[in-house]
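**Q** Each chain, written out:
Protein chains: 4
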Amino acid sequence: MTSTDSPSAILTISCDDQPGIVASVSDFLFQNKGNIVDVDQHVDREAGIFFMRVEWEINGFAVAREEIEAALASIIEKFSMQSSLYFSDVRPRVALFVTRDNHCFYDLLSRHESGELPMEIPLIISNREDLKPVAERFGIPFYHFPITKETKQGQETAEIALLRDHEVDLVILARYMQILSPQLTEAFPNRIINIHHSFLPAFPGARPYHSAHKRGVKLVGATSHYVTEDLDEGPIIAQGVTPVSHKDTVHDFVRKGRALEQSVLSRAVWLHLNRRTLVHENRTVVFG
Amino acid sequence: MTSTDSPSAILTISCDDQPGIVASVSDFLFQNKGNIVDVDQHVDREAGIFFMRVEWEINGFAVAREEIEAALASIIEKFSMQSSLYFSDVRPRVALFVTRDNHCFYDLLSRHESGELPMEIPLIISNREDLKPVAERFGIPFYHFPITKETKQGQETAEIALLRDHEVDLVILARYMQILSPQLTEAFPNRIINIHHSFLPAFPGARPYHSAHKRGVKLVGATSHYVTEDLDEGPIIAQGVTPVSHKDTVHDFVRKGRALEQSVLSRAVWLHLNRRTLVHENRTVVFG
Amino acid sequence: MTSTDSPSAILTISCDDQPGIVASVSDFLFQNKGNIVDVDQHVDREAGIFFMRVEWEINGFAVAREEIEAALASIIEKFSMQSSLYFSDVRPRVALFVTRDNHCFYDLLSRHESGELPMEIPLIISNREDLKPVAERFGIPFYHFPITKETKQGQETAEIALLRDHEVDLVILARYMQILSPQLTEAFPNRIINIHHSFLPAFPGARPYHSAHKRGVKLVGATSHYVTEDLDEGPIIAQGVTPVSHKDTVHDFVRKGRALEQSVLSRAVWLHLNRRTLVHENRTVVFG
Amino acid sequence: MTSTDSPSAILTISCDDQPGIVASVSDFLFQNKGNIVDVDQHVDREAGIFFMRVEWEINGFAVAREEIEAALASIIEKFSMQSSLYFSDVRPRVALFVTRDNHCFYDLLSRHESGELPMEIPLIISNREDLKPVAERFGIPFYHFPITKETKQGQETAEIALLRDHEVDLVILARYMQILSPQLTEAFPNRIINIHHSFLPAFPGARPYHSAHKRGVKLVGATSHYVTEDLDEGPIIAQGVTPVSHKDTVHDFVRKGRALEQSVLSRAVWLHLNRRTLVHENRTVVFG
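Residue numbers (my numbering), protein chains in the order written: chain A, 1 to 288; chain B, 1 to 288; chain C, 1 to 288; chain D, 1 to 288.
Warning: the hint list may mix true and false statements.
Since the list can't tell identical chains apart, any single copy or any two copies may satisfy a pair.
As the list claims (entries may be wrong) - Below, a list of computed lysine-lysine pairs in the BS3-like style, where the Cα atoms sit at most 25 Å apart: (1) K256 - K214; (2) K33 - K214; (3) K78 - K33; (4) K214 - K152; (5) K78 - K214; (6) K247 - K33; (7) K78 - K132; (8) K149 - K214; (9) K152 - K256; (10) K132 - K152; (11) K33 - K152; (12) K33 - K256; (13) K247 - K149.
FYI, nobody ran anything at the bench for these hints, they're computed from the structure.
Quantities reported herein were computed from a predicted structural model and do not represent experimental measurements.
So here's chain A without its partners, still in its complex pose (with noise of 0.2 Å):
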């Protein structure tokens, strides 16, 4: 989990599990005099499936920045590996989508202002106008796409474009209180994270919190997942929990959960923008 102040690139690789996959990556990092900063492999004996970060500095690497794909090609194709190359100094577009709430989205914003958050904000997207005054405090653009049954489908395909002419890579939902549809889900595949208000799978869907409540449970979660089609189904990034009891009501229970909510949701990204996430079908591996 080190981080060097000068830039470094990282590989990311899943594939089906086969002898030599270490070896041959190793012997092209070694060969090309890479200095390893940090590596991590997994092997999913169930599945078969290998995965693995590997993350060395640029400076003194024989190969150039932009050469380093084609000289990984052969090892790619030889091992039919899904991959990915990243660069440290290449920081992630990021769009946040938020609705009345503030906690997580302040939380957000003081961590990527602290830098602790290595992305950009170019853009801030609501369904409604509550916490513009707070985009405007940090001057950063705030869109609003206020949403009926109706017009869900257009303001969706709307805020598609906007994201792409912004270049955006992830989209965060800091509390947004709107489903997202399939056109928007798929648009940006395990490039959307949510916080769910609850410790899925739990009380998926609407008001978790009152749900626990009535359930009369001990504990509340959070739980931080990759969005997909399926409501609160997607892949599980982090979660957390905190004691609750009969004296708690459910205004106490949210009260508690948003200290909850902000950590794990701060986790996730932090570990998606340093590249620590790889899915596999509907769970992640995660390299923390």
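Since the structure of chain A is provided, determine the placement of chains B, C and D on it from the hints.
**A** Just chains B, C and D now, kept in the frame of chain A:
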């Protein structure tokens, strides 16, 4: 959460919330020179229900032990209280139901042996014989009731008779792998405690660790609850979670869950034995 | 832990434990038609001290708001109580002290903005100017008191005067990186809350994450406490931990600690603002 | 964290970080048809040390079990590695040291019985006779070494001889209430595991729950660590915490701590037995 060496009386109360309850009970104890060891109260404002647990020393109390109920009668009647009176030196008689997994079983036996859990264990019941040697090691009678679909009804009838013969107050399902039928759950309302190896209501029913693994959760949980007719739906007493990752197989989930199950179950049993749990509808008030 | 929309009175009490306290207070409220919203009590048996917090609705109460203290006087005198009376609609006036880290600062400001933390923030004080833009964004006056060894005494004297001018009830050190001298801590006894970035009493003093990393701990912690003359030795209000591993550098400890510090500090502040903390000697009773 | 039914070889390595290590080891296994079951690596960049644990199936491996060390010799020499080679079907021989508390003792015995902890327990050593009946119940030889200041030296010498006679690989102090002298700790470097009932480095030494209660902490902890000459200062393997409140007496701290101590100790022991802990200076790398 104080315990004293001298015996104490414990009164638990629930009733419609109304003015004067605490004043009446406090005054009763004050007038009779009751030295209060511990007192807890709670009002569920939504439901309008008042809950109280008060514990006081018997030594020095102006009312004789066997006359306390009568002395309280007018207060209980006035406020239409549901109430129970216990004495700390009368240890509940507990039957342990087990199947094959030994971890919760050993944990309860060792906490009983060390004096942490104030109970008698007159008998152990199992649908298998695997843990008979453990019962023998501890010198506790072990009854084997093999159960098939056909014999279930009859065997449970026999179990109920046996439990009554032994004047059992509480049944603990210490990873007992049989679903109880209504005749058994109704015979011991709010007096059967189960440990379910998931964070309920997530993953009810069979093989929760398998389901949790398939879903790709990042925490596994355990839930101790009173058993009702509805499987895994009874009032929750205690819950806990422990982190897991993509590296963990189902086998690892099971292993990591063991310490959690032990700790959640023994906490719930301790709370029950010390009369710190009150049930209203399908939720508990836990005066921990 | 209930809050109602109508204003309430909150009485906190501590005194030597003795018979009749609860009966007296309960009777006082009952006789005056006080609708109790919440009540908690605790007896520290070792020290022989009784603690109580009771909250009741002002509407409908037979004693006028400004006459409650006088009406209680005989009870308070009888039991030699230390007591405080608050009203839920009188919001404490809070000064935030900050230095450079923005995470706790933003967290408190956003919880204030959302209404979670019932307080006024008339001013912000800092020994640096880094966070002045944040204060300005929120429209809160920012006072810069640069501090050197030579100027400390004088600057703190000026700060105390400023805090008194603004009728400040509570000071929150939101990662304020200066040690307060006795003149300041004594001016606000049990009214200065700090967040220390370790699980106290482990790693007191400067650079706790560095020390924790060096020691090779597997959890990092945060502690919120009242500030006393003895650095990091004051009464603890709330604590939390988060897991770390050998993979984490000191930089990662710092990052992972941020969400924890926010959550522990905001919990402690919420408890204080709602008058749920009572201090006796160097420990707190927290009626959470 | 996978385990297979077929036996595996486990190699642990630490050495100065340098290019080519992973490539060399990977290539060695690849060339010899090693089916890797699990691999973990870590670089401590500050110290410049490389750590690795790799586990592969013996079945099908081209090098015979007894020749693996020789086959690895050139790699080990080339990189000046400190290395150990283990086989999963050779179970470590473990001595349990106990005194009076039975909870960790029973927990280890039950996990041993269920097969969770892959070890042999040839003997139990105690400075008291309290737990002799438990040892007898499990049919494990129990040796009583009463210890006074005068006899300590001699008794420990006898213990060391006994441990060597039984070819003991690992000593577990399962709430053994005697401080080991250097002759014993030096005889088993990084092979004595202790459970200390606090969140170290807070509350080292005797009676940590009493100190924790006096300090008014809101969480109590437990720490499992390798024992070194410096009391409670050895490399930490695992830590945990559990919440406490002002309601808890020291007696409650002790009770709540029990489940925690069990769970933290058994986790540490499992990690050690599966060769997932590497020690460098005073810290552990834990490949959990």
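**Q** So, for every hint listed, does it hold in this structure?
**A** Evaluated hints:
no., hint, verdict
1, K256 - K214, "within (16 Å within a copy, 28 Å between copies)"
2, K33 - K214, "neither (60 Å within a copy, 31 Å between copies)"
3, K78 - K33, "both (22 Å within a copy, 18 Å between copies)"
4, K214 - K152, "neither (32 Å within a copy, 33 Å between copies)"
5, K78 - K214, "neither (55 Å within a copy, 30 Å between copies)"
6, K247 - K33, "between (61 Å within a copy, 23 Å between copies)"
7, K78 - K132, "neither (51 Å within a copy, 56 Å between copies)"
8, K149 - K214, "neither (29 Å within a copy, 34 Å between copies)"
9, K152 - K256, "neither (32 Å within a copy, 38 Å between copies)"
10, K132 - K152, "within (20 Å within a copy, 41 Å between copies)"
11, K33 - K152, "neither (52 Å within a copy, 53 Å between copies)"
12, K33 - K256, "neither (50 Å within a copy, 32 Å between copies)"
13, K247 - K149, "neither (38 Å within a copy, 42 Å between copies)"
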